[in-house]
Structure formats: structure tokens, C-alpha cells
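Chemist: With the first letter of the sequence shown counted as 1, position 431 gets the number 431 in full-length UniProt numbering; the numbers rise by one all the way through.
Rather than coming from a laboratory, the hints here were simulated on the basis of the structure.
Even for Gly, the Cβ is constructed at its ideal location relative to N, Cα and C.
It cannot be assumed that every hint is accurate.
To be verified - Label pairs and their computed distance ranges (CB to CB): (1) Lys140 to Asp349: 38 to 48 Å; (2) Val118 to Asn233: 46 to 56 Å; (3) Pro508 to Lys650: 36 to 46 Å; (4) Arg712 to Arg339: 24 to 34 Å; (5) Thr286 to Ala705: 48 to 58 Å; (6) Leu710 to Lys478: 25 to 35 Å; (7) Ser586 to Val107: 31 to 41 Å; (8) Asp154 to Asp349: 15 to 25 Å; (9) Ser533 to Asn639: 51 to 61 Å; (10) Ser147 to Asn233: 24 to 34 Å; (11) Asp154 to Arg188: 12 to 22 Å; (12) Lys650 to Glu433: 35 to 45 Å; (13) Gly152 to Tyr75: 32 to 42 Å; (14) Glu713 to Asp343: 34 to 44 Å.
Stated by the list, open to error - Straight-line distance between alpha carbons at most 30 Å, and here's what the computed DSBU-like set of lysine-lysine pairs gives: (15) Lys412 to Lys346; (16) Lys330 to Lys198; (17) Lys92 to Lys81; (18) Lys346 to Lys315; (19) Lys148 to Lys198; (20) Lys346 to Lys478; (21) Lys440 to Lys407; (22) Lys440 to Lys478; (23) Lys148 to Lys234; (24) Lys226 to Lys112; (25) Lys200 to Lys148; (26) Lys412 to Lys112.
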Amino acid sequence: MDNPAVTANMMGLQVLSILCAAYLATFVLATFVGKKTSSGTYLGSERCQLETNVPLLPGLVDGLGAQLLQRRQLYAGTMSKLRMLMIYRMAKPEEVLIVEDENGNIVRETMKDNDVLVQYKIMRETLIYLSHLDHEDTEKQMLKKLSKQLSGEDWTWNNLNTLCWAIGSISGSMMEEQENRFLVMVIRDLLNLCEITKGKDNKAVIASNIMYVVGQYPRFLRAHWKFLKTVVNKLFEFMHETHPGVQDMACDTFLKIVQKCKRKFVIVQVGENEPFVSELLSALATTVADLEPHQIHSFYESVGHMIQAESDPHKRNEYLQRLMELPNQKWGEIIGQARQSVDFLKDQDVIRTVLNILQTNTSVASSLGTHFLSQISLIFLDMLNVYRMYSELISSSIAEGGPYASKTSYVKLLRSVKRETLKLIETFLDKAEDQPQIGKQFVPPMMDPVLGDYARNLPDARESEVLSLFATIINKYKVAMIDDVPRLFEAVFQCTLEMITKNFEDYPEHRLKFFSLLRAIATHCFAALIRLSSQQLKLVMDSIIWAFRHTERNIAETGLNLLLEMLKNFQASEFCNQFYRTYFLSIEQEIFAVLTDTFHKPGFKLHVLVLQHLFCLVESGLLTEPLWDAATVPYPYPNNGMFVREYTIKLLSTSFPNMTAAEVSQFVNGLFDSRNDLSTFKNHIRDFLVQSKEFSAQDNKDLYAEEAALQRERERQRMLSIPGLIAPNEIQDEMLDS
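Build out the structure end to end from the sequences listed, making use of the hints.
Modeler: Now the structure itself:
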């Protein structure tokens, strides 16, 4: 691998593989759908409803149906050989974590190969079309190859891998009855293969393939409880297998299956004495005994999904209590020791345990939502006390050790606990249903330990998660939070602005979260912004302009969205004239500045919306006071529209010195003429930019982002019309397992 020539040759072969796969995909699609037209579409593709069990597309007219049937019959033999090729050469899907390295060892994948993922996507689509063309041949070839694995005749790691990746890739393409019959044989044979095959590496390969296949077929598992139970128990076995990657894949697959089949685990199945979730909770300690902390968190999240599906509140609370028994027991011991001596909480091992317990709680809160209330209520006040204490420890460490103290492992560990505390509260409040009493219970106690702490801390010790937590709270409880906004402003506004406006690099996490918080306030508690003094409002507006000037896309977009909220809200308020007299011209100037430089193209859609708002407003008559300053403008304009028109021409003439006065005037007049039709207005601006010297030599795809998004949505709708092209796991289906 160190030889550059060999590396280049391998890269070339990979590119060639992708190109070959893409060519075959086009050929198979043409055979499947029909003849390609000059516009790049396929005849009949818009006029037909696809049926998975009908080899010929119904609804084709003008002799197209006969042509297509003839074409399919002509290539039937070729398609069968192609199926075999795809099954033998299937690329590795993203979900598979266990791979063979260059020395022939089975290891955990450390880095994703994007070329392989591209190849898998192309091959998967091709195999789905091939499956639709002849389900029987697809099933026959796959089962024949699997039987050879079982007999040992064709057994190799690679042969089993490609076969199972191919089986998983066609999920959703068969009729349910055929899929059920096929999967019964596949899962049975794979489980048998796991039992009869010796060797740690061999078992790891088979385990990885069992997990991949079952994770792709939630519809089958929902319909077959015994298989579902067998598969989940097999996953529990794999959770004790310490071979690299097996445990991670077992936890990932368990979560994926539970999300699609959760209802099955909380009802008493035929032949069972209790729901599976109860059985699982009884053996919980044993099941997770060999898992790493991050795997345990994933496991707890999965069980949280199960408990969430239980409709009986009494049972649900009982299950939650049993699930949290181990972490709560450890939490109780730590808090008990801390009450005797607070220094106990300073030990690094204790801090790590506290962090682990909080992460476990966050995982369950993310899947359980509102029903996590009883658990978080149990630990909430003690958690805030730990937060306060660790914050004081961080501040004293930084005060004594200077800026470098914030980089020490001890301070980083303490901050991890603070962040996880904030994340847990935010996750719960975000997932909880809109119940005002929850807000009243949890927000007031946080004001000093969290908000006050943020204000008091040194900049390097302030957690950005405080900003996102309060943004979530305001988005959740809306106008009910209006009385708390002044306190919020006092605690975070000035001190955060000082941190983030010195340059464009420092405190990157605080930037985006700060503007997200401002947007939440502008959207839901606008009345609180009106109460700000003119100096404070100027700070807000300056910070918004600063945000959309930012070259970081997320920050600029958040700033522009926030600006749109402010413009709309002030337009509808009694302060409309006052606000726009102060800010209209500076906003227009700043928006044109970012619109016409070439660094802010991703914000094009929002730039257009802001400009449309301004031009519509100025021509609407809502602004009853002049926008110009009578002291500096030599003569009065008949109306604001005429003034802004002339102001804009002067502004753009300066920005585009290569353009003639007539060209600029034509552009500005076009803006006013098309202001009421967003599509025309946008195209007018885009044409102007693309034709300008600054943009003409550049890649301007960001200016066409909306059209590209529409094209992607059309492609998704096309894929949804062909069963299997979008994997069942990617479709947000309703629970079918009630």
C-alpha cells in the first residue's frame, strides 16, 4: 500500500468499477422502464404505476407495452447473468462495521470508504430493478448461493459478505408473501451457519451478516414474532462477543429493529407469560455486562423506545423504574457520599461515573420523551447542585491557572459533566409534549445555577449549551417565557457578544447557538424586544448584520432568518416607521454587499427574500414617514419608493463600476416591477449576478440551490414509486405492529 503506483492503480480500478456499475445501472433501468427520450426521461415512466409482482408495466399505450415486453424477453438471459454478477460483486453497505484488512484479518472498520458507498448505492438500485424484472430468478440465485455456503462448497468470507449485502439491498422490493417465504429460509440458514462454523473470525463475519440482513427487513420481523425474538436474543449473544465491531453492530441493529417493531415488545405474545420488555429488564445487568459505556447508552435508548410504546402509565413507570435501577443506585451512592464530604465529587473516577450516569439518562430521555418526567424529577435538583459545584471548580482552576487551565484534562472532564447536564435537560424538554406545567417545574430552578453561572463565569468557562437550552425552552413554551426574556438578556447578551464579535474564529459553538436563541426570542417573544432601549436594539441589529456577514454558512443563514423575523414583526408593530427609518437603508446596503460578493452565495435564497420584503414594503404605503434625512438630502422625494429606487441605483453603480448607468437602472427598475412575484424577482437578481464580471467566471450552483432541491424531491418521489428503491428503514412508516 506504500507504493504510489500500486495505490494509483487501485484507485483507478475503483473508479472504473463505479463507471461500469453506473453504465450497467443505466442499461438495466432502460430495460425495466422503457426507451429513453431525448429529454433524458424514459417513455412510460410518468404514466405508469409500478407493481412489484407484474413484470410488465401496466398503462403503457401506443404499442410501448409490446415493445417493452419484447425488449425484456430479448435480454432475459443477460439480465440473469447480471443478477449473478451483482450478487457476487456487491459492494459493502455503510451499516457493516466488520471488514477484512489487507493482511486477511477481520477487523472493525475505522474509516468509511466513500467510493465504496457510491458503488453500493449504484449496485443496490441496479439489483432492485433486476429483482423487479424477475423476482423468482433473483430468489433462486440467492438461495442457491446460500446453500453452497452452508454445505461449504462455496464458503469464503467474501462470498458470504457479498451475498448477504445483496440480500439486504433488495429489502422492500418483493411482495410481502414472497419476502416472508424468502426471509424464513435466509435467516434460518444464516443462524444454522453460525452454529456449525468454528473459529472466532468466521463467527464474527457470519454475525455481521446476520445483523445486516435482519436490520434491513423490519416488515418481516413485525409479522413473525418468533423470528423477531430469536433475532433479538441472538443480538444479545453478540453483545458478549468481544471481537472488534461485533458489539457496536449488535447495538446499532438492536436500536434499528426496536424503532420499527417497538410495540411487539410490550404486549404478551402467544405462548409467552410476560411481555418481552419485562423479560429483558429482569436480565438487564447480565445483557449489558460486557458492553462499553457508549454501547450501554445505545442499549438504554433502545429499551426507552420499547417503554414509550407501552400505553398503560402504571406499567410504563414500572418499566422505567426497573430500567434506571442500576444508574439510580450508583447516583444515590455518589450523592450520599457527597453530602458527607463534598470533596468526594472532585475525584476523577467519580466525575467519570457521574458523566456516564447523565449520558445514560440522556439516551433514555431521547427515546421516552414526556414519559421520562418521573426519572428526571428524581435527580434534577441534585444534578443542578453538582452542576453548580463543578462550575465553581472550573472557575477557580482557570482563575488560578490562567487560560491554559481550561485545556487540562481535569477541567475538560468537569465541563463534560456540565454540558451533559444541559444536554439532558434540553433533550427532555424538547422531546416532552407541550405541557406548560413541565416548564414551570424545571425552568425557575435553573435561572441562577445555569443562567447566573453563565453570566458570572470567565468567557472560557461559559458553556454554549446554555444558549441552545434556552432557545429550546423559548421555542417550546413560546410567549409563556416572555417575562423571563429580560433576565435572559441580562445574563447572556452583552457578555456573549463580546466573546464572538472580536473576530470570526473564536468560540464557534457560541456563535450559532447565540443567533438561534435570538431567533427564538424574535419569533415567540417579540414584545420583549420592543421593550429594549434603542442602544440595546442597535446592539441586536448590529449583531444580526455581523451574523449574515459571516462566511460560516450556518451562522449566516441563522442571521438572515432572524433578520426576516425582525423585519416582519416590526412591520406589523406600532414602531414600524421608527424602526425602518433607522435601519432600512443600512439593511439594504448590507444585504446587497453580501449578495454581490462571491463568498455568500449559499445565502442567495434568503438575500432575495429580504430584498423582496424591503421593496414590497416601501411601495405598500405602510411607511408614512420619509426614509431620507431632510437635513442631508437637498430636495424632497414624492414618496419613499422613488427615494429607494434612486438610492439603490447609486449603491449598485458603486458596487459594479464596469456596468453602465443604463444597465444598473434597468436592473433596479426590474426589481421594483417584479417585487410581487418571488420567482420572477429571484430570476431577475440571479441573471444580473451571473452576467456580472465578478460571478461570470465562477461556479454558481449555490444560486440554483432551490431548483436542485426540487429536483432531488422529484427524484425521491420517483424512487418511492418503485418498491425497494428507498429502503424500508429510511421510510417513516406508521406503526404497523399494533
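Chemist: Please go over all the hints and tell whether each is borne out by the structure.
Modeler: Hints versus structure:
1. Lys140 to Asp349: 38 to 48 Å: 58 Å, violated
2. Val118 to Asn233: 46 to 56 Å: Hint violated: Cβ distance 36 Å, outside 46 to 56 Å.
3. Pro508 to Lys650: 36 to 46 Å: 37 Å, holds
4. Arg712 to Arg339: 24 to 34 Å: About 57 Å separates the Cβ atoms of arginine 712 and arginine 339, which means 24 to 34 Å is violated.
5. Thr286 to Ala705: 48 to 58 Å: With Cβ atoms ~52 Å apart, the hint holds.
6. Leu710 to Lys478: 25 to 35 Å: This hint holds: roughly 32 Å between Cβ atoms.
7. Ser586 to Val107: 31 to 41 Å: 59 Å, violated
8. Asp154 to Asp349: 15 to 25 Å: Since aspartate 154 and aspartate 349 have Cβ atoms about 51 Å apart, the given range 15 to 25 Å is violated.
9. Ser533 to Asn639: 51 to 61 Å: 31 Å, violated
10. Ser147 to Asn233: 24 to 34 Å: Holds - the Cβ-Cβ distance for serine 147 and asparagine 233, about 25 Å, lies within 24 to 34 Å.
11. Asp154 to Arg188: 12 to 22 Å: 18 Å Cβ-Cβ, so the 12 to 22 Å window holds.
12. Lys650 to Glu433: 35 to 45 Å: 54 Å, violated
13. Gly152 to Tyr75: 32 to 42 Å: 34 Å, holds
14. Glu713 to Asp343: 34 to 44 Å: Violated, at about 58 Å.
15. Lys412 to Lys346: Holds. Lysine 412 to lysine 346 sits at ~13 Å (cutoff 30 Å).
16. Lys330 to Lys198: 40 Å, violated
17. Lys92 to Lys81: Distance ~21 Å between lysine 92 and lysine 81 Cα, so the pair holds.
18. Lys346 to Lys315: Violated: lysine 346 and lysine 315 sit about 38 Å apart, past 30 Å.
19. Lys148 to Lys198: Cα-Cα ~17 Å, so holds.
20. Lys346 to Lys478: 38 Å, violated
21. Lys440 to Lys407: 37 Å, violated
22. Lys440 to Lys478: Cα-Cα ~13 Å, so holds.
23. Lys148 to Lys234: Given that 30 Å is the threshold and the Cα spacing comes to 23 Å, the pair holds.
24. Lys226 to Lys112: 35 Å, violated
25. Lys200 to Lys148: Holds, because 21 Å separates the two Cα atoms, which is no more than 30 Å.
26. Lys412 to Lys112: Distance of about 29 Å is within 30 Å: holds.
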